[in-house]
Amino acid sequence: MAESHVTRHSKGPVTYLLRAFAIVYLLLLVAWPVALVVTHTFDNGLESLRAVFADPDTVHALRLSAFAAVVATAINTVFGVGVSLLLVRSEFPGKRLLSALLDLPLSISPIVVGLALVLVYGGRTGWFGPTLESGGLKIIFSTPGIILATAFVSLPLVIREVVPTLREIGIEQEQAALSLGASTWQTFWRITLPSVKWAVVYGVVLTLARSLGEFGAVKVVSGNVLGETRTATLAVEEKYLNFNASEAYAIAFLLASVSVVAIAIVSILRSREKRISS
Amino acid sequence: MSIEISGVNKNFGDFVALQDIDLSIPTGQLTALLGPSGGGKTTLLRIIAGLEETDTGSVVIEGQDATHLPVQKRNVGFVFQHYAAFKHLSVARNIAFGLEIRKRPAEEINAKVGELLDLVHLRQFAHRLPSQLSGGQRQRMALARALAIEPTVLLLDEPFGALDAKVRKELRDWLRRLHDEVHVTTVFVTHDQEEALEVADSIVVINDGRIEQIGTPDELYDEPASEFVLSFLGPVTRLGDRLIRPHDIEISRYEQASVANGPITRWTRVGFEIRLEVTPVDHPPIQVTVTRAEASSLGLHVGDQVWLRPVVGADQVRT
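Which chain is which? The protein sequence lines are Z and L, in order. Mapping of the first sequence onto numbering that gives the first Met the number 0: position 16 corresponds to residue 15, and the numbering continues sequentially without gaps. Mapping of the second sequence onto numbering that gives the first Met the number 0: position 248 corresponds to residue 247, and the numbering continues sequentially without gaps.
Calculated directly from the structure, the hints in this document are not laboratory data. Where hints are given, some of them may not hold.
As the list claims (entries may be wrong) - No farther apart than 30 Å at their CA atoms in a straight line, the calculated lysine-lysine pairs in the DSBU-like style are these:
| hint | chain 1 | residue 1 | chain 2 | residue 2 |
| --- | --- | --- | --- | --- |
| 1 | Z | 196 | L | 102 |
| 2 | L | 165 | Z | 196 |
| 3 | L | 86 | Z | 196 |
| 4 | L | 86 | L | 72 |
| 5 | L | 86 | L | 168 |
| 6 | Z | 137 | Z | 218 |
| 7 | L | 102 | L | 72 |
| 8 | L | 86 | L | 102 |
| 9 | L | 165 | L | 86 |
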């Protein structure tokens, strides 16, 4: 209460100026451009969306993007929760190195990620690729490669959400569960996971949004073959370069709306959760 | 004997937490582990629970060697200082947790949870979340949760440490009555000597990783084995070559056979009690506690010359 009082008193012209600046900045950088994508999509009513869904190759691209994003998110969720537990609940040599490595995917360019994956898994000259390919598993220029690249770039998002929450809840609840006879596994499912539920959900949504939008790494590893390995983001570029701007906007609109809807749902759920628990 | 601890040592890196601990805790009693923070009492409790491993030595609970038994298998109830409430579960589900893990039939769980809710007076809060309870209520819930599994021993780690003074006192009385009702072997850790003296059947004083003394509250208070025990169980002051409690000093305004004499240099009133400081010429200042009635019947004032000696039968330790 006291805190809000202080803010109310200090609300001078500077506050309003800063507020206006922030709003204008966000408008110019985010809201306006995104809004333009929406208006361009509906320039001819629903015509461009209809065209998108009429083209089997574009539908395939959308499906492929959705599939790769869902699989990559599933992988990163399981992996992310596991690694978070490892980072917070145990001590081992090299822990700080691991923690630093986990941020790498966010800091290096996705194009570099793509090239690196080709170097390792490339079918002809890759370090590991020929072995896998002779075993019948094609990675580069194929769906596994797309999933791999997508998972790589969105790797830290679940971890970065879950780690602080795990730290915050501490280990006493888990120890209490153990003392009441729960096994480690039961403790994880009944106590730890429900306690970090919202961090996991938020991490999953961010991962999904990031995965759907991945372009650079996927462009390198997919081969961009129409109707086979072309994802939705690659299709946007292709349409745009081929002067089919309206369909490019329509696909972009679809991609953006999935992310917006996902984040909106989470913030609604989160605020409701807060109301209940407080 | 319910818990037999022998030859237990525990180090954390270079820090010696416990050193050669031998301790027997009798069945059905309420035992306090008392000592200053960092003295090792919580470590000892966590070793009994299985939340901490011993470096050497053994722990036997009800005749069963538990030294290497994991916490899940020990059937101990553990209550944490900060409650460790399962925040996402209702009060009733918190209490039911241990029974659900043991896959007891639903009717049995419901009956047991109802019984415990009554025992800890939380019946009307059964469907609340822990965040909607006060600290004292949360701790009672944690206690019911620990009792639900019908533990062989109940272990409480500074159970009232996070509560304010009034609730602390209420819960302390309540714990004593609860123990008289339930009779489960109980060990609780505290750094509050008043809490230990008031609640426990027997007290184990632990300092610097060692046991200083074991005894009933009366034994400890009347026959402290060391200077540390005497000074930890209450205020002490030096009179001549002895340590003595400030209320065990007889004070007189008239010259008499005495150990020390000097003027009253400080006067602090705390409720019904008056704490005086007497500063003799060749002796460090001496604390003396008298009641308000005594002070006025003796006609004491700051600056008065007084003669001090131990009252007959006072506890004292020669140093």
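Here is what the structure says about each hint:
| no. | hint | result |
| --- | --- | --- |
| 1 | Z:196 - L:102 | holds, 25 Å |
| 2 | L:165 - Z:196 | violated, 37 Å |
| 3 | L:86 - Z:196 | holds, 12 Å |
| 4 | L:86 - L:72 | holds, 24 Å |
| 5 | L:86 - L:168 | holds, 26 Å |
| 6 | Z:137 - Z:218 | holds, 16 Å |
| 7 | L:102 - L:72 | holds, 15 Å |
| 8 | L:86 - L:102 | holds, 22 Å |
| 9 | L:165 - L:86 | holds, 25 Å |
In terms of the numbered hints stated before, the structure departs from hint 2 and from no other.
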